[in-house]
Amino acid sequence: MKLTAEEQAMADGKYGPGTQLAMQVLIAIGEAYDAPYMVPVTRTHVALSNQEADLWFAEKLAKGGAHCRVRPTVNPSFNPEQLNAICPVEAADMEIVQRTHAAYNQLGAIMTYDCTPYLERNVPRYGEVISFSESSATPFVNSVYGARTNREAAQSALCSAVTGVTPYYGYLLDENRAGDILVHVEAEMKSDFDYQMLGYVAPSKTGFGVPVFDGLENPTKESLMNLGAQLNTGGNVALYHIIGFTPEAKVWGDPFQGKKPKKEVTITQADLDGMQKELTAPGGKIDFALFGCPHFTIDQVATIAQMVKGQQFAVPFFVMTSSLTRRLAQKMGYFDILRAAGGEIVEDTCMDQPCWKFLYGKKGITDSPKCTYYTKRRQMEFVIAPLEECVEAALKGVY
Amino acid sequence: MAQTYTCHKIAKGKAKGELLFTKDPLCFYLIDPKTGKVIEKEHELYGQSITGKILVFPYGKGSSVVQADGLYQLQLSGMSPAGLVVESADTTLAASAIIFDMPLVNRLPQEFYETAKDGELAELDADGGTLAVQPGK
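If you read the protein sequences in the order shown, they are chains Z and S.
With the first letter of the first sequence counted as 1, position 72 gets the number 72 in my numbering; the numbers rise by one all the way through.
With the first letter of the second sequence counted as 1, position 19 gets the number 19 in my numbering; the numbers rise by one all the way through.
For the record, the hints were derived by calculation from the structure and aren't laboratory data.
Given the structure is predicted, the values throughout are model-derived calculations rather than measurements.
From the three backbone atoms N, C-alpha and C, an ideal C-beta is built for every residue, glycine too.
It cannot be assumed that every hint is accurate.
[As the list claims (entries may be wrong)] Covered stretches of chain Z (chain S as the covering partner; in silico rule of three or more C-beta atoms under 8 Å from a C-beta of chain S):
#, segment
1, 17-29
2, 146-153
3, 172-182
4, 292-301
[As the list claims (entries may be wrong)] Where chain Z lies over chain S, by a calculated footprint (3+ residues, C-beta under 8 Å):
#, segment
5, 9-18
6, 60-66
7, 69-82
8, 97-111
The shape of chain S in the complex, shown without the other chains:
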C-alpha cells in the first residue's frame, strides 16, 4: 500500500523513481553530467549516482548560474534526477527547476522524513501536490 504525502509545488511536472535522501545541501554543478555521480568529496552522496532518483535534500547551494547549468547538462546527457524534494527552496534552485522543467516540491510533512527510506519507489505529482511512496520497495 502506497503511503501518500502532501507537498507544495514549486516547479510543475510528474516523476517516478527511487527515493535518495541526503542531509547535505546540493549543487548540480558538482555532479558529473557523464555519470550522474556526485563529485564533491565532502558530500554525503560523494560517488553516488543521482540519475533517475527522486532526490530529497535540505536546500540547494552554489552560485547563481551553476544550478541551472548543472541541471541543463544533466538533462542533455540523460543523467538527471527524476524529481526534487527540498525543505527550503531558494530562488536559484526554484528558477532553474522551473526553466528546465524539473519537478520540484517542498513542505513535506515531518512524517515523510521519519518514515520514508532510501531506495523506496515514489511517484511525485508536483501539480497535484502529492508524493506517493511504496514502503520497502
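Bound conformation, chain Z alone:
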C-alpha cells in the first residue's frame, strides 16, 4: 500500500506502540482487500461491548499511548446505577464495565453508550467517508444517508478512530455500491415490525450482496432501523437501496449503475409470517418484556406510554434507550407513566450485556429478532411479536 509520510510514521511507531498497532491492523486489512492507499475519515463509531476481546484490544491501544484523532461515539455498555436498582450487579461485571470505560475514556472516545448514533450526535452527510461499526448503524448510515463505510468490526473502527484513516476499498468506491439483487416486496409492510421480518428473511434469499428493494413506500425511521439491524444480523448486509427512496436509488436514479441485477427474488407476506413463526418461542405465559435493540426512539417510548397509561404490567417491563431519550421521556411525562405501570427505562444499556442475568432461564417477549439472536448463549427464550402486541401481552402476562 502507498502510505503518506504521516501514515508511515504511525506504522513505524513514531506515535507510540498503540497508534502503531492500529495502523498495522489497517494496513493488513488494506492489503487483504488490495486497497491502493488510505483515505481520511471524518466520523467514527465503535461498537464498544465490554466483551473480553473488546477490553483486551482497547486496553492494549490505551497502554500503548494511543489517542483518537477522530473521536468515536460508542455503543452501549450497561448503566450500573440504574441496573443496580433493578438487580444487584456482580462485582466481576462491574469491574469489566469500569475497566472498559477507563480504557475508552483514555483513548479519547465520546462516551455516548448508544447504538443509534445516526439519530443523535454522530449523523453523517451524503458521501462522507466514515468508519462505523455496530451492525444496525452501518446499514443505516450507508443506505439511508448515503455516507460511505465498510462493515467495520469494533476493532477496525477503533483503529480508524486512532489513526484518522481507513483503507480505500469496498463500499467507499462508487462501483461497489451498485445493487446486486432486485428484491420485489409483495408483503403488505404495514408496520415497523414487518421491516424486522423483511430484514431477517431477505438475506436467506439474496445471499451475499447489495439488495435493492422495490415496493417499499416511505418507511419510518424505526422501520429503517429495524430493516438494517436485521439484515445485518440475519445476514451480512452493510448496504442496501430502496427504489425511489434512498439517495443512491433516487438521486442517481439507477441503484444498479447500468448493470443487470444478478438475480431477482420476491418476498411475500407468507415469507414474513413464516420467518416470525420460525424465530419466535411458542406463546403462553411470559415472564418479562424487553425492548430497545436497537435503542428505542422517543416515538416508540410514546407508543408504549399511550398504551399503558393508568394500567399495570403483569410482568417486569424494560426499555433500553439512549440517555438523551430517557431524559426526554422524563421531560415529556412518559417516564412517569411507565414507572407507574411498573416498567423501567434504562439508558446506556444493551441486552447483550451481563446485567440481565436475573432473566436467564426465563421467557420474555420482544419486537426484535436481533434482541433474541445473541441470547442463544444465555438460556433465554423470546416470543417475537409487533410492539403493540408485546405491550398488551406484558399487561396480561400472556401472549
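Chain Z is fixed; fit chain S onto it per the hints.
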C-alpha cells in the same frame, strides 16, 4: 499425493487440520467456547465441533463485535478452528482474524469446492497463498 490449490491471504499464518465444509455463514459467537460446538440450531453444523478444523464457509455473519469476541474466547479455551477459508470476506471477519492471528484466506479455485471433501487433511499457508489437501485422508 496432495492436491495444492492457490488462495489469497487475508490474515497471515499457517495451519494444519481436517477440512470442515458448511454452506451456511458463520458467527463465532454462536459456537460454545467450552466445547467448540456450533450452538445455532438453524445452522448446518449445529452440534458439531469446529475445534482444530480448517473451516470452509461462505462468509461471516453477526454483529461487529461478536466475531472478534467469539474467536478470542475460542482461542482462550483452546477450542478454536485451525484456519479459515471463505468465499467472501467482510471487514468484520477480516479484522477479527488479523487481530487474533487466525489464518484466513479467500479466492480458492472452483475446483477446490468441487473436489475437496469433509475430513480430508489440509495444510494452509496463508502467507504463501496455498492450501494443500490430502485426498481421502
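For each hint, the structure was consulted:
Remark: the segment 17-29 of chain Z is confirmed as covered by chain S, as 3 of its residues place a Cβ nearer than 8 Å to a Cβ of that chain, reaching the required three. Counting residues of the segment 146-153 of chain Z whose C-beta sits closer than 8 Å to any C-beta of chain S gives 4, which meets the bar of three, so the coverage hint holds. Counting residues of the segment 172-182 of chain Z whose C-beta sits closer than 8 Å to any C-beta of chain S gives 0, which falls short of three, so the coverage hint is violated. Look at the segment 292-301 of chain Z against chain S: 0 of its residues bring a Cβ nearer than 8 Å to a Cβ of that chain, fewer than three, so the hint is violated.
Look at the segment 9-18 of chain S against chain Z: 4 of its residues bring a Cβ nearer than 8 Å to a Cβ of that chain, three or more, so the hint holds. Chain Z is given as covering the segment 60-66 of chain S, and this holds because 7 residues of the stretch bring a CB closer than 8 Å to a CB of that chain, at least three being needed. As drawn, the segment 69-82 of chain S meets chain Z at 5 residues by the rule of a beta-carbon pair under 8 Å; at three or more, the given contact holds. Only residues whose beta carbon comes within less than 8 Å of a beta carbon in chain Z count, and the segment 97-111 of chain S has 3; three or more means the coverage holds.
Figure legend: structure checked against the earlier numbered hints; hints not met, in rising order: 3, 4.
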